[in-house]
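Visitor: For this one, chain A is given, so just place chain B on it according to the hints.
Residue numbers (this note's numbering), protein chains in the order written: chain A, 7 to 312; chain B, 337 to 418.
No lab work stands behind these hints: they were computed from the structure.
A couple of the hints might just be wrong.
Quick list of simulated restraints, FRET-style, between CB atoms [to be verified]: (1) Leu171(A) / Thr397(B): 43 to 53 Å; (2) Val384(B) / Glu135(A): 21 to 31 Å; (3) Leu358(B) / Lys96(A): 52 to 62 Å.
The beta carbon of each residue, even a glycine, is placed where N, CA and C say it ideally should be.
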Amino acid sequence: MDYTPTQSGSRQRKLQPNMRLRRSSVDGLEGSQLFEDTSRAARGLQTGNQQAGPQAAGLSSQSILSDPMSNLAMAYGSSLASQGREMVDKNLDRFIPISKMKYYFAVDTVYVGKKLGLLVFPYMHENWEVSYQKDTPVAPRFDVNAPDLYIPAMGFITYVLVAGLALGTQNRFSPELLGVQASSALVWLIMEVLAVLLSLYLVTVNTDLTTIDLLAFSGYKYVGMIVGVVAGLLFGRPAYYLSLLWCCAAIFVFMIRTLRLKLLSEAAAEGRLVRGTRNQLRMYLTMSIAAAQPIFMYWLTYHLIR
Amino acid sequence: MAFTLYCLLQTAILCTNAVAVLHEERFLSKFGFGVDQGVAGFGDDPGVKAQILTLIRSVRTVMRVPLIIFNSACIVLLLLFG
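One chain only, chain A, in its complex shape:
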């Protein structure tokens, strides 16, 4: 133990252990000679492992780094950290397929721009097929028609923020409401995806739509919702209704044109009239999925514009 009689050291000796930890990290930020190494060690350990952190920071705040005890603690902490990270990665990959998710986030600015334009104005686009490359779909970066998760994720977060903004302009805001909006929208999204999955199972459609694809398609409506709410905030209720109407029509057409190729049989997708209850069911399914989008868009935004 090193009782160097600096001002911080004497202060430190009088404080309680947990206060000592907090004080040491604060003093370390000031960069005084004694605590510079401490804060580096504490910060390094805390980013690695929360358990060994307080213990080692407490130890090293009492001594300089050459002390074997703190060396041992740091080595133990870093090995624990790497073990923990390996375990987390292995187990997380079992539940959330991280490698598959990476495909959906392989976007670039051009793609995002084109896709946003497509979501708002899908009427001029002609080729809606997803291009493949040896049986695997091409990354969204190279194909505008491929679904991605970047726009839905960003759209969801932006929707929550815009909802908070809208509530704030009406003096109805409180921080819990952000959480309420977010969880509400998330629950509706999950229920929609589950309903679509259930109906896909019941109609026995052989499609290569994965759950994440459905999540992506259901998340595209947030773009229209944001446009509607922002227009309503800027220009009032008529602008909200007009822009929401436009975005609803746009997302309806977008969904139909995208899902047509995935859900319907080849002949029906090309536009030829195909009889049979199964094809009819599929057509109804596509229609109802597409029609659910405007309903949700209105349901999730009407209470924001008064």
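Guide: For chain B alone, kept in the frame of chain A given last:
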């Protein structure tokens, strides 16, 4: 309508419980579910009704034991924390 994730969890448990307690004799055999009526045909087009029956049957088979565990956990938690 303020939905929370907890609400979704409750809904899921309630719905699964509902499917699990459907009575075979009184209710399901009227829909062609009964023990003696097999699901005929491995054909190309099972149809919506057969799919529903398959779904109900598989949920009842798979979720019996996990539901017991989960319901007991819920009962204990609700007793303790209200």
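Visitor: Does each hint fit the structure? Answer for all of them.
Guide: For each hint, the structure was consulted:
no., hint, verdict
1, Leu171(A) / Thr397(B): 43 to 53 Å, "holds (49 Å)"
2, Val384(B) / Glu135(A): 21 to 31 Å, "holds (29 Å)"
3, Leu358(B) / Lys96(A): 52 to 62 Å, "violated (39 Å)"
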